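Residue numbers (this note's numbering), protein chains in the order written: chain A, 14 to 234; chain B, 294 to 744.
If you're looking for bench data, these hints aren't it; they were derived computationally from the structure.
Treat the numbers as computed from the prediction; the structure is a model and nothing was measured.
In this text, a Cβ means the ideal position worked out from N, Cα and C, and glycines have one as well.
Treat the hints with care, as some may be off.
Some but not every residue of chain A turned toward chain B, in silico, with C-beta under 10 Å [as the list claims (entries may be wrong)]:
no.	residue
1	D22
2	L104
3	E119
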Amino acid sequence: MRILVVEDDPLLGRGTQAGLEQSGFAADWVRDGAAADAALAATPYHAVVLDLGLPRLDGLALLARLRARRDRTPVLILTARDAVEDRVKGLDAGADDYMVKPFRIEELAARLRALVRRAHGAAGPALVAAGVTLDPAAHTVAFQGRSVELPAREFEVLRELMLNAGRVLTREHLQERLYRWGEEVESNAIDVHIHHLRRKLAPEVIRTIRGVGYLLPREPA
Amino acid sequence: MAQASLRRRLIAVILGFTVAAWLAVGVYAFVEVRHEAQELLDGHLAQSAALILAQGDDLEEIDTEHVPLLHKDMRRTAFQVWKRGTRLRVHSANAPDRRLSPVEEGFSRAVHEGHAWRVFSAWDEDREYLVQVAERESARASIVEALVESLLWPLLAALPLLGAAIWLGVGSGLRPLRALRAELAGRDAGSLRPLDPASAPVEIAPLVAELNRLFERIEEALARERRLTADAAHELRTPLAALSTQAQVARRAHSAAARDEALDGIVAGAERAARLAEQMLTLARLDSAQRPDAPERVELGRLVRDVLAELAPAALEKKVEVVLDAGDEVTVEGYPGLLAILARNLIDNAVRYTPSGGHVRVSVRAADGAARLVVADDGPGVPAEELGRLGQRFHRLAEPAGGEAPSGSGLGLSIVQRIAELHRARVAYAGGPGGKGLAVTVLLPGLAGKA
Chain A
14 MRILVVEDDP LLGRGTQAGL EQSGFAADWV RDGAAADAAL AATPYHAVVL
64 DLGLPRLDGL ALLARLRARR DRTPVLILTA RDAVEDRVKG LDAGADDYMV
114 KPFRIEELAA RLRALVRRAH GAAGPALVAA GVTLDPAAHT VAFQGRSVEL
164 PAREFEVLRE LMLNAGRVLT REHLQERLYR WGEEVESNAI DVHIHHLRRK
214 LAPEVIRTIR GVGYLLPREP A
Chain B
294 MAQASLRRRL IAVILGFTVA AWLAVGVYAF VEVRHEAQEL LDGHLAQSAA
344 LILAQGDDLE EIDTEHVPLL HKDMRRTAFQ VWKRGTRLRV HSANAPDRRL
394 SPVEEGFSRA VHEGHAWRVF SAWDEDREYL VQVAERESAR ASIVEALVES
444 LLWPLLAALP LLGAAIWLGV GSGLRPLRAL RAELAGRDAG SLRPLDPASA
494 PVEIAPLVAE LNRLFERIEE ALARERRLTA DAAHELRTPL AALSTQAQVA
544 RRAHSAAARD EALDGIVAGA ERAARLAEQM LTLARLDSAQ RPDAPERVEL
594 GRLVRDVLAE LAPAALEKKV EVVLDAGDEV TVEGYPGLLA ILARNLIDNA
644 VRYTPSGGHV RVSVRAADGA ARLVVADDGP GVPAEELGRL GQRFHRLAEP
694 AGGEAPSGSG LGLSIVQRIA ELHRARVAYA GGPGGKGLAV TVLLPGLAGK
744 A
């Protein structure tokens, strides 16, 4: 899952980014509201971790701008302001969750997973589609009752497909959702991941729509 | 200690004045009445003497034994008629056999049988008969006494009544004050809503208005304090969160390199937290400082040179060139420790915000009776609209586009500002030389002249 971290404090921003990477997220980090606005306009993120006191464009202003253009990307406010009024203001401005610094990376990761899950209309922690069960928190996958071991990237590709079960995802979409900026990506990386997934699960689990992309059907074929 | 009771003071003043005024009236009346009574009664005495003399030769026939006592007060008056001044012819029953007074003409005073008498003496035209008419002086005094008494008794009776009336009147007059007190006493510490000035009488309304203004100022101060506390909490939590996050990253790191990077982050974070704590402490101390001790003579040039020497290694490492321009000696009255903190903050800020290859120019000059300290850099500078917010607590600049922003506490310039206040100095922010960077000017009054 790809996360945008907006944090002006370099030490905290870098640490949050590293911590999320360790938790299996692809995290980008920007240091001010304007840069975050630009990043959000250009890239589809699964969720945003947003500090409030930001230079150039304040966190709440950024949030308002985001919601004004009907961008529903889940936003988790991560701030040192713990007053109830601040929380209320943040949530009312369109944030989906609110965490106060200092925080535990595990909790931040779990809350982000929950936000993304809810954003895709799933209530339970595990995603189920096409005979595949995927638990994002436990990082486990089972196909027709059989447990399957997957490396991180393949897991991410599968999760993205399952989150969007029944919809065609382009190669670019998958790429944007999987890799952060500056990462070296082979042009056929996604195809390779798909190839491996088909081998480990079953070929018919992921369908190729020629010239468009890939699709994971809701029901088993 | 509270002042004496308003009510008691009013009663004392009003009763005191009343008694004094009344006594004055009494004394005046006493003097006037005594004088008037004297004249009137003297007139009567003279008249009586004249009446007796008018009897002429008939005086011989008056039967002295038969002058009747017509009135009880007649005992207080007496008369004698002396033939040729030596033979007592006629006299009242209470008159002695001797002459009432040795004086033979006009008024005189004499004492008989322990009583003082006022005596009027007159000769008839032929100097055949001497008439002396007398009246007991005590009779006259009792008239005056009665009059003065009649004046004083009502006063004695009225005083307690007057006191009670004042007591009650002042009490009811003070009722709005008591209501005010009750309203204020019933409040908790946080309640600063204004009092209703319309409910107070004209004399108390200004007090209520002043109280309301005070409430307003306290409210503002409290809000400022709350904001500052919130800001401080924010500023303290952020480096702590960074520390905590980096520590978690270090623990979860898969590679030695990643762990080392996180550990470096922890060290940097701890240093920053310590610096922040230091600055917050400095500011807190400065906030409570009331111009601590007597100021000293400070040679500003040398002080700034010392600070620069201290900061130069860091600047060199960053490849920022630092130049000091301090020609003449400039001596001011001030606190050397605080001025060093001021200079250190300004120069440290300048070095921090100036990218590698930049310049920081520090100058100390005397100008118009003031010492002028200027710290200018050719770094990214501050947008004009932000200049006014410099020095606000916890206000931090946006990072320079592209550059790695320095991570200050947002307190450095607040500290500068506060130290400047303690020195009655002015701090001005402007663009640096050639419109590049930032120039901070501190104008310190109290130039002590060349040492």
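Checked hints:
With a least beta-carbon distance of about 5 Å to chain B, the hint placing D22(A) at the interface is held under the 10 Å criterion. At about 18 Å, the closest approach between the beta carbon of L104(A) and any beta carbon in chain B exceeds 10 Å, and the interface hint on this residue is violated. Among the interface hints, the one on E119(A) holds; its C-beta lies about 8 Å from the nearest C-beta in chain B, closer than the 10 Å criterion.
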